[in-house]
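Please put together the full structure from these sequences, using the hints given.
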Amino acid sequence: MLTRRGFLIGAGSLLTAAFAKDAQSFIRRTGLPLLAPPAEVAETMYWYDGGEQGYLLTIGPWAFCPPPPTWREFFASEGIAHRTEPEIHAIWEKHGIGPEDYDDPVDGWFWETRFDLETSPCAKAYRLLKKLDLGPKLKRGSDEPHLVFCEGDLANDDSRWVDARDKLTLSLLQARLIDLKLPIRIAQGI
Numbered sequence: 195m196l197t198r199r200g201f202l203i204g205a206g207s208l209l210t211a212a213f214a215k216d217a218q219s220f221i222r223r224t225g226l227p228l229l230a231p232p233a234e235v236a237e238t239m240y241w242y243d244g245g246e247q248g249y250l251l252t253i254g255p256w257a258f259c260p261p262p263p264t265w266r267e268f269f270a271s272e273g274i275a276h277r278t279e280p281e282i283h284a285i286w287e288k289h290g291i292g293p294e295d296y297d298d299p300v301d302g303w304f305w306e307t308r309f310d311l312e313t314s315p316c317a318k319a320y321r322l323l324k325k326l327d328l329g330p331k332l333k334r335g336s337d338e339p340h341l342v343f344c345e346g347d348l349a350n351d352d353s354r355w356v357d358a359r360d361k362l363t364l365s366l367l368q369a370r371l372i373d374l375k376l377p378i379r380i381a382q383g384i
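With the working numbering, the residue at position 42 of the sequence shown is 236, and numbering never jumps.
Be a bit skeptical, because a hint or two may be false.
[Unchecked claim] Calculated lysine-lysine pairs in the DSBU-like style (CA-CA distance at most 35 Å, straight line):
(1) Lys-325 x Lys-215
(2) Lys-325 x Lys-375
(3) Lys-375 x Lys-324
(4) Lys-318 x Lys-288
(5) Lys-318 x Lys-215
(6) Lys-215 x Lys-375
(7) Lys-288 x Lys-325
(8) Lys-375 x Lys-331
(9) Lys-331 x Lys-215
(10) Lys-318 x Lys-331
(11) Lys-375 x Lys-318
(12) Lys-288 x Lys-324
(13) Lys-215 x Lys-324
Rather than coming from a laboratory, the hints here were simulated on the basis of the structure.
Encoded structure:
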């Protein structure tokens with residue numbers, strides 16, 4: 195499933211037509227998006243050239259799904275209590291495993307699905323940008339700068355990601371993040 199969201203530019207919006215013009219001029223001169231630095235930086239959103247799809251956005255560097263930890267390591271890293279009888283019972287109800295299985299690797303399907311939907315750099319960018327007020331939803335085939343929100347492109351694919359249409363979109367996104375006072379800088383991924 196795909197949804198597209200654009201940016202409000204001009205009268206009555208925080209992103210001015212003058213900024214959009216300056217960004218376009220900067221892109222023509224340098225081949226890079228105009229990315230104003232935020233006052234504070236707590237997080238970096240990276241962009242990666244995706245060819246015709248535009249630019250893939252991630253929170254943190256792009257990465258493959260890491261190997262699964264043991265259940266015990268997973269519980270500890272997530273702060274999930276797993277020692278008392280009620281805690282053991284709750285884990286059995288949720289995951290179908292008992293204490294004798296705690297040193298086995300986390301189930302691959304569970305681990306990869308969790309990565310695709312929650313913990314991957316792509317999923318983090320998707321969740322963050324989906325909840326922000328960036329602008330209106332657009333119809334398919336729009337030439338305006340916009341973000342494309344993607345949910346799995348194959349059967350049984352749970353992945354979620356966001357593509358920026360072009361370098362002007364990256365410039366407008368950084369400006370909007372600054373307007374929202376979010377300490378996120380956008381940088382090119384390596």
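Do the hints match the structure? See the list:
Proximity of Lys-325 to Lys-215 is assessed by CA-CA distance (about 27 Å); at most 35 Å being required, the pair is judged to hold. Distance hint between Lys-325 and Lys-375 is fulfilled; the C-alpha atoms sit about 15 Å from each other, no more than 35 Å. Annotation: proposed proximity of Lys-375 to Lys-324 holds, straight-line Cα distance about 17 Å (limit 35 Å). Distance restraint check for Lys-318 and Lys-288: the Cα-Cα separation of roughly 24 Å lies within the 35 Å cut-off, and the hinted pair is therefore satisfied.
Of the supplied pair hints, the one linking Lys-318 and Lys-215 holds, its CA atoms being roughly 30 Å apart against a limit of 35 Å. For the hint pairing Lys-215 with Lys-375, the CA-to-CA distance comes to about 23 Å; that is within 35 Å, so the pair holds. At roughly 28 Å between alpha-carbon atoms, Lys-288 and Lys-325 fall within 35 Å of each other, so this suggested pair holds. With a C-alpha separation of about 22 Å, the suggested pairing of Lys-375 with Lys-331 holds against the 35 Å cut-off.
Note on Lys-331 and Lys-215: the hinted pairing holds, with a Cα-Cα distance of about 22 Å set against a maximum of 35 Å. The hinted pair formed by Lys-318 and Lys-331 meets the criterion: a straight-line CA distance of about 20 Å does not exceed 35 Å. Among the hinted pairs, Lys-375 with Lys-318 is consistent with the structure: their alpha-carbon atoms are about 18 Å apart, no more than 35 Å. For the given pair, Lys-288 sits about 28 Å from Lys-324 by alpha-carbon distance, which is consistent with the 35 Å threshold.
A distance of roughly 26 Å separates the Cα atoms of Lys-215 and Lys-324; the hinted pair therefore holds under the 35 Å criterion.
The structure fails none of the hints (numbered hints given earlier).
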